[in-house]
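Undergrad: Please build the complex by placing chain B on the supplied structure of chain A, with the hints as guidance.
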Amino acid sequence: MLLKELSEAIGVSGNEEKVRKIIEEYVKPHVDKVSVDSIGNLIAFKQGDGSYSLKVMLAAHMDEIGLMVTYINEKGYLHFRPVGGVDERILPGKRVLVGDKAIPGVIGLKPIHLLREEERSQVAPVESLVIDIGASDKSSAEKMVKVGDYATFDVAFQELGARRVKGKAFDDRAGCAVLAELVKERYPFDLYAVFTVQEEVGLRGAKVAAYAIEPDAAFSIEGTVADDLPKEKDVSPTARLGHGPAITIMDRTFVAFHPLVRLLVETAEAEGIPYQFKQPLVGGTDSGAIHLTKKGVPSATVAVPCRYIHSPASILSLDDFENTIRLMEAALKRLKPEHLRVE
Amino acid sequence: MIELIRTLTETYGPAGNETRIRQVLRDMVKGKVDELKVDALGNLIALRKGKGGRKVMLAAHMDEIGIVVNYVDEKGFLRFSALGGVFPHTLLGNRVEFENGVVGVIGVEKLESPDKVPTFDKLYIDVGAESREDCPVKVGDIGVFSRPLIAQGQRLIAKAFDDRIGCAVLVKLLEEIGDCEHDLYIVFTVQEELGLRGAVTSAYGIAPDVGIAVDVTRTGDTPEAPKMAVALGKGPAVKVKDARMISHPGVRQALIRAAEQNGIPYQLEVLEGGTTDAAAIQLTREGIPTGVISIPCRYIHTPSEMVDLRDVENAVRLLLAYLSSKELTE
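Residue numbers (my numbering), protein chains in the order written: chain A, 1 to 343; chain B, 1001 to 1330.
Next up, chain A with everything else stripped away, as it sits in the complex:
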């Protein structure tokens, strides 16, 4: 299963090579050309069937959030800083893999027996945490890792009950897996499937890819927040698991192009595919960079809802995942030049 392989691959922002290799191998037989640009984006090109002279860019980011080793101390512990939006609350006690050789380690913490009363309700700041790789001192640590090495959570992909799966980095390996399926079809326009780098540190890969491609329209495919745990108040869950792909109306980085949102909704309704709207103004995606490229690009974002993203273990629904593929494939086949006109 590609999603499993992608979830378990290590690829923190700026070091996406392993993920890129898996995807490249998977999509190559289905597209006309595969290339890698100077920042590391993987661009799979597939010529259209000739119906429309349009370039459509699809983006899913290969990178995941993680940690970077900043300093190795005398006792052989690794000090680190976050790469992308890491939640400090979830770090202590987690298993991680460090560096290209995936050296196992644990983020150290004081045992509960020794905690002072006030410490029990506090979050340890990331500056106070260290990774323990079992080194006895600095020189033994330096044989295994070096400053600048990345670390990721050590989590196995797993199938859970009710067609749900657990794993790390569904944001955005779920989107990568969707995109890898979409390229198998041929569309009425030229398709540029871009597996971007460095989204989690500021939409950097998408920016240069869109500049080079100059697409007529763009879709970002994401793994997005599902905050559907029981709440005290009757307020938005952002998105809910099992309720279909989440369509963005607007987020912090862009306002989705209205005719493309309508295309997605009409497609879902015509094909009987469940869908939901993501809570507006939450989060951001590659569309934020793409839509402001050059003279502007009509853009939209569709996402697989995932619980607990940016933590070691997210959970998604395979039905949502498959429905995202169905929705995007059907919507792309219906896309016409009139969907790219401002009313």
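Read the hints as simulated data drawn from the structure, not as lab findings.
Fair warning: this is a prediction, and the values are worked out from it, not measured in the lab.
Please note that a few of the clues may not be correct.
[What the hints assert, rightly or not] Derived coverage of chain A by chain B (criterion: at least 3 residues anywhere in the stretch with Cβ under 8 Å from a Cβ of chain B; other residues may be distant):
hint: 1; stretch: 169-180
hint: 2; stretch: 249-256
[To be verified] If you want the ones that stay clear, here's a sample from chain B, every Cβ over 10 Å from chain A, calculated:
hint: 3; residue: D1134
hint: 4; residue: Q1152
hint: 5; residue: L1232
hint: 6; residue: G1287
Glycine included, each C-beta is placed from N, C-alpha and C at the ideal position.
TA: Leaving out everything else, chain B in the frame of chain A:
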């Protein structure tokens, strides 16, 4: 002029949904320009051709701040987020209006203390619905302040002077300008309130030689106001600097010269917080000499902004004088 301003401020047009205000502006400038188009983000770009002079981009943003519905609860109450710089202290008891004409009242769950401003998560909108099913508003719909314009002597009070007053200045400019040396690209931009987005793509597309934004600026002339050397009624302000841009000195000087040679009152503006489309235009492509003419405005981003009509009229005169010169930078 007041009727023009009334139409512009009272028209619905929040950031991200400028369709209606764009249509109103299109009707206002149609017939006065040589070309009219809308780009991929929704910017309305009107070109009035000159006689071989410079390419000048004149930008005023047509979007206004608002609120976005992020949830409709079981009982039909709406939860919402701020669209642009909307602050909770301006909201309690206020009314918002949606594109379909539905009006909602903003309420608070419990007022913990009359001295404390509640946060957004404690606020909701009541459109009088009795359930989620009969609620006439849905997730993603955008509301704007619901207020008519009031003219009281020279002072005008309305919502959305930021930046419909800039739009009014540019519409009036097109009405009054006769022959002009320069190609004028009048751009009514979108999504300024969400981060100058419309200006980014329109400036790239036009690649002008000179950029001018027309927008509002704060004043320091109200009781105990933070110190600022701009007052209502003392003339349009020529921007020196704001939080994100320093005006091109040559453009600034040319604007000052135009004011002084024509006896137009003006003020100099140094704004500590906030910025305008000019910040985006200036950094487009290889860089574009850019300046700003600001209309002094009190109570910006509230339902009751206030400007002085004379400042608005003088801003039009200042632009006419500036554009009549062959040299647009000194």
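Undergrad: Indicate, hint by hint, whether the structure satisfies it.
TA: Hints and how they fare:
no.	hint	verdict
1	169-180	violated (count 0)
2	249-256	holds (count 4)
3	D1134	holds (16 Å)
4	Q1152	holds (36 Å)
5	L1232	holds (33 Å)
6	G1287	holds (16 Å)
Violated hint for the displayed structure: number 1, the only one.
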